[in-house]
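A.B. asks: Each chain is listed here by its residues.
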Amino acid sequence: MSLTLVALIILSVLTAGMIFTFIRLLRGPSLPDRIVALDLLVTLLIGVIATYAILNDQSAFLDVAIILALVSFLGTVAFAYYIERRV
Amino acid sequence: MAREVLVDVLMVGGAVFMFLASLGILRMPDLYTRMSATSKAATLGSGLVMLAAAVYFNEFSITVRVLAIIVFLLLTVPVAAHMIARAAYFDGVPLWEGTVMDELRGHYSRVDHRLESEVVPSTEAVVPEGEEGDDFTA
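Quick note, the sequences are listed as chains A and B, same order.
Our numbering runs 281 ahead of the 1-based position in the first sequence.
Our numbering runs 3 ahead of the 1-based position in the second sequence.
It is worth saying that the hints were derived from the structure and are not from the lab.
Note that beta-carbon positions come from the ideal geometry of N, C-alpha and C, so glycine has one too.
Any given hint could turn out to be false.
Distance ranges between label pairs, derived from CB positions [what the hints assert, rightly or not]: (1) A:Ile300 - B:Leu77: 24 to 32 Å; (2) B:Phe75 - A:Asp338: 23 to 31 Å; (3) B:Val122 - A:Val358: 26 to 34 Å; (4) A:Val352 - B:Asp105: 27 to 35 Å.
Isolated chain A, as found in the complex (with noise of 0.2 Å):
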């Protein structure tokens, strides 16, 4: 019962730190500073899955977590190239 309640905690304050960086992702200055902020909001949302999979006791959610992960690292790369290229 307390691990749901640390759980329910935890997953408002990752929301908060998600609005933190959603803010962030609007109004930064440049596009460097929007990619950060994106792949800050997946490593935020791999979080909110871990979190969320203690709070349901379902395993399976994990894999997502993999996924997320990988898919991240692959777009960040793409967009360091383009902007490396587009100068």
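Could you slot chain B onto chain A? The hints should help.
C.D. replies: Using the frame of chain A, we list chain B on its own:
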């Protein structure tokens, strides 16, 4: 019982570090300090939360999966951060106006993006000055 306490501690620690990372990306003055805040703190935070999941489920297959994710994050996050910072430096993203020194200034060849040990004179304009860094003073 002790396992539950360990899960709580790991989860709370991870959430604190991830929250600090998001606070850093919101409040830091320029791109490079923002990346310094996020890439380290967010990696540690998500690693701690994944470890909490491994301790909570206490199965071999899930522990292996979690360790694979953590190792993958530890390998890829520094590479991605380095690639973005390098591309942003070529792109001319300004440094914070309170920056003490920029050791890379003039050392990158603008044409082929190679790092030279002596100053290349044609690259003086790589880092322009601007007030983009403190857009959050209001």
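A.B. asks: None of the hints should be skipped; say for each whether it holds.
C.D. replies: Okay, the hints, checked on the actual structure:
1. The supplied range of 24 to 32 Å is met by Ile300 (chain A) and Leu77 (chain B), whose beta-carbon atoms lie about 27 Å from each other.
2. In this structure, Phe75 (chain B) and Asp338 (chain A) meet the distance hint of 23 to 31 Å, their C-beta atoms being roughly 25 Å apart.
3. Between Val122 (chain B) and Val358 (chain A), the C-beta spacing of about 30 Å keeps the proposed range 26 to 34 Å intact.
4. Val352 (chain A) and Asp105 (chain B) have their C-beta atoms about 34 Å apart, which keeps the hinted 27 to 35 Å range intact.
Consistency with the previously given hints is maintained throughout, with no hint failing.
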